[in-house]
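So the sequences go chain by chain: A and B.
Using the numbering used here, the first residue of the first sequence is number 250, and each one after it goes up by one.
Using the numbering used here, the first residue of the second sequence is number 5, and each one after it goes up by one.
Simulated from the structure, these hints should not be mistaken for lab results.
Treat the hints with care, since some could be wrong.
Just a sample of chain B residues kept apart from chain A, beta carbon distances all over 12 Å, derived [claimed, not checked]:
| no. | residue |
| --- | --- |
| 1 | R72 |
| 2 | S137 |
| 3 | Q166 |
Label-pair restraints from in silico Cβ distances [as the list claims (entries may be wrong)]:
| no. | chain 1 | residue 1 | chain 2 | residue 2 | range |
| --- | --- | --- | --- | --- | --- |
| 4 | A | E485 | B | P58 | 40 to 48 Å |
| 5 | B | G132 | A | S395 | 33 to 41 Å |
| 6 | A | G484 | B | Q32 | 23 to 31 Å |
| 7 | A | S395 | B | A41 | 27 to 35 Å |
| 8 | B | G132 | A | D386 | 26 to 34 Å |
| 9 | B | S39 | A | I315 | 43 to 51 Å |
| 10 | B | G132 | A | I344 | 33 to 41 Å |
| 11 | B | A41 | A | S293 | 33 to 41 Å |
| 12 | A | R579 | B | Q166 | 47 to 55 Å |
| 13 | B | G151 | A | E641 | 56 to 64 Å |
| 14 | B | D157 | A | P348 | 47 to 55 Å |
| 15 | B | A41 | A | I538 | 30 to 38 Å |
| 16 | A | R650 | B | G151 | 56 to 64 Å |
| 17 | A | V310 | B | Q166 | 37 to 45 Å |
Cβ atoms here follow ideal geometry from the backbone N, Cα and C, with glycine treated the same way.
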Amino acid sequence: MSAKEHPPRQPRRRFLKEALAAGLAAGTVRPSYGQTPAPEEARSRPEENRGYGRRSHYEVVSRWPIQPKELTPGDPLYLVYAPSRTPLQDLRGIITPNPLHYFVDASSPYPIADLNPQEHRLVVDGMVDRPMEYTLDDLKLLPSVSRICWLECTGNGGLRERNHIEFHETLQKAHGATSCAEWTGVPLSLLLQEAGVRQGASWIYAEGNEHARRAKSFQLEKGMEDVLVAYAQNGEAIRPENGYPVRLIVPGWSGHNSVKWLRTVKVTDRPYMAKDDLGFTQAADGTWIGEREFDPKSVIAFPSGGQKLPGPGVYELHGLAWTGGGVIRRVDVTTDGGRTWKEAQLQEPILPRAHTRFRLLWTWNGEETVIESRCTDERGRTQRRLIDIREEYGDDPDHWRSSTSAGERFSGTQPWKILRDGSVHQAAYGPHMYPPPKATAALTKPTRKSPSGGGSTCLA
Amino acid sequence: MPRLVLLLLPLLVMTCLPAAIAQGPAYQRGRTLSSEAVQAWDTAVGPEGKELPPGRGTAREGAQVWARRCSACHGMDGKYQWPRRAHPPSAGKAPLLAGELGVVAKRQFATTLWDYINRAMPLGEQAGTLTPSEVYAVTAYVLHLNGIIGEDDGMDANTLPQVPMPAGPRKN
Chain A
250 MSAKEHPPRQ PRRRFLKEAL AAGLAAGTVR PSYGQTPAPE EARSRPEENR GYGRRSHYEV
310 VSRWPIQPKE LTPGDPLYLV YAPSRTPLQD LRGIITPNPL HYFVDASSPY PIADLNPQEH
370 RLVVDGMVDR PMEYTLDDLK LLPSVSRICW LECTGNGGLR ERNHIEFHET LQKAHGATSC
430 AEWTGVPLSL LLQEAGVRQG ASWIYAEGNE HARRAKSFQL EKGMEDVLVA YAQNGEAIRP
490 ENGYPVRLIV PGWSGHNSVK WLRTVKVTDR PYMAKDDLGF TQAADGTWIG EREFDPKSVI
550 AFPSGGQKLP GPGVYELHGL AWTGGGVIRR VDVTTDGGRT WKEAQLQEPI LPRAHTRFRL
610 LWTWNGEETV IESRCTDERG RTQRRLIDIR EEYGDDPDHW RSSTSAGERF SGTQPWKILR
670 DGSVHQAAYG PHMYPPPKAT AALTKPTRKS PSGGGSTCLA
Chain B
5 MPRLVLLLLP LLVMTCLPAA IAQGPAYQRG RTLSSEAVQA WDTAVGPEGK ELPPGRGTAR
65 EGAQVWARRC SACHGMDGKY QWPRRAHPPS AGKAPLLAGE LGVVAKRQFA TTLWDYINRA
125 MPLGEQAGTL TPSEVYAVTA YVLHLNGIIG EDDGMDANTL PQVPMPAGPR KN
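For reference, chain A alone in the conformation it holds in the complex (with noise of 0.2 Å):
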């Protein structure tokens, strides 16, 4: 469109009179409940115009892997199977910037999700007196809170995250399907007291609104407790890829439970076991067992794998720790493959269910050296040592097994190995594994194709 066709500036506010009068009249895209109407030069180029502000264009980091438009069977694996990864070595602070947010495609095989907010219904039903139906104006008039927690894939630096299916040499590799914003909306026991929960309940199932429906039961006792239906990520409306509109956010527990583009809640008395709930146990006496909140984790951002010091001297290393259970105590680490151990700082806040930041200052020698973090939360568990988990399942990747979480979460250590010519190279496995294997196979290698099992499970 040439310049030209445009009509003459009008003067602002008149503009803006107009704008409001077109956004509010009947049959048009009507902003939702508190969104002030954008003025039209911001809703057309917004990237152009800074009306929606963008990154200055010498700044290049980005989740990985990026998937292809189309994909063919020719493409390696680690396209078909791998969440979109936070790059966790190259941001600061506590709180993931929403772009760069990790997310598991689960709208998979279909394009993601693209839900119009005026249309999307949440419906609370099940062993409820009054089964409930909520748009997304409703939502945001109800009571809000607003938690800072952790997202984390159920698989995160498990068995398809190690070597399997491509070398994982960083962090954001190896560990990036975890991120942590601040998430904002109702809290899901407002919503189940607005209903009335019958006597005997003691399940959630949640579902979905995405092509496949994906769906996913969790204790009511937990849905009581910090659930929220979320409709802000650090302040602004949910990601497309993370569940816009709306969605369940269940800090703590593994990411699967967090239901994206949630249309119904429904309560129950047992898993419902629907779509693709999978895997709950029974007690003798007939009641559910479900999952927990995942074990206390820690990975050393700086420096981490593929990332090159300088040179000798002294650095600030920093990285990350959480844990399901509650606060993060206090973080340990050590510069000497194991031998000593330093308390690290922890930078505030200090949240229940957030990443929290640590930090060290460290004078590097020039020498050959492995760095590993540990952490303790406030229930007093500790982390795994990966030297420990190797003692009990042996050399071998692929039998690794760290805890009782859901899912393959690995939560042992992440050591990585520093080389005299200052490159910093993953420790756990590979041809750096921190101390060597006892066997002398080759481990990069995978020993299977393909993981077992279907598609991924996780919605974070």
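Position chain B against the provided structure of chain A, taking the given hints into account.
Only chain B this time, still in chain A's reference frame:
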């Protein structure tokens, strides 16, 4: 006795009233739904099969539906794994349906298969287009492929929840 009740009446009212208020909705947002509206919205089928609709089908009938609607991706034997091309796929191939490593063998309840097929198959724009009887028949076909039921065992709202699955509910 009646006098005692009368004396206690204010106390009874005082204790019951707040409880009654607490049980009602406090915010007057959203709309209550009729049971018909809930039924139309919520198609989730639990292990007891309470939500299963009328309809009936056998594996023999299911074979015909399977040949037309399912076999292109799954093969008639449920072991064919056609690589998906839709964007972006969750798995490289259609899942293995039959045999020890197949997804059917891992499910604890036959009702889950019904729910899965009903809401998500055939994969793509046709998902949700099978009639209830077709879903029963296709579920029966998959169960029969795994040797769980016979070719002429009729599957319906009563029989399906009672199918003994090899993975069963696991006891701790």
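Results for each hint:
no.: 1; hint: R72; verdict: holds, 21 Å
no.: 2; hint: S137; verdict: holds, 20 Å
no.: 3; hint: Q166; verdict: holds, 15 Å
no.: 4; hint: E485(A) with P58(B): 40 to 48 Å; verdict: holds, 46 Å
no.: 5; hint: G132(B) with S395(A): 33 to 41 Å; verdict: holds, 36 Å
no.: 6; hint: G484(A) with Q32(B): 23 to 31 Å; verdict: holds, 27 Å
no.: 7; hint: S395(A) with A41(B): 27 to 35 Å; verdict: holds, 32 Å
no.: 8; hint: G132(B) with D386(A): 26 to 34 Å; verdict: holds, 28 Å
no.: 9; hint: S39(B) with I315(A): 43 to 51 Å; verdict: holds, 46 Å
no.: 10; hint: G132(B) with I344(A): 33 to 41 Å; verdict: holds, 39 Å
no.: 11; hint: A41(B) with S293(A): 33 to 41 Å; verdict: holds, 40 Å
no.: 12; hint: R579(A) with Q166(B): 47 to 55 Å; verdict: holds, 54 Å
no.: 13; hint: G151(B) with E641(A): 56 to 64 Å; verdict: violated, 38 Å
no.: 14; hint: D157(B) with P348(A): 47 to 55 Å; verdict: holds, 53 Å
no.: 15; hint: A41(B) with I538(A): 30 to 38 Å; verdict: holds, 34 Å
no.: 16; hint: R650(A) with G151(B): 56 to 64 Å; verdict: violated, 32 Å
no.: 17; hint: V310(A) with Q166(B): 37 to 45 Å; verdict: violated, 55 Å
The structure does not agree with the numbered hints 13, 16, 17 stated previously, though it agrees with the rest.
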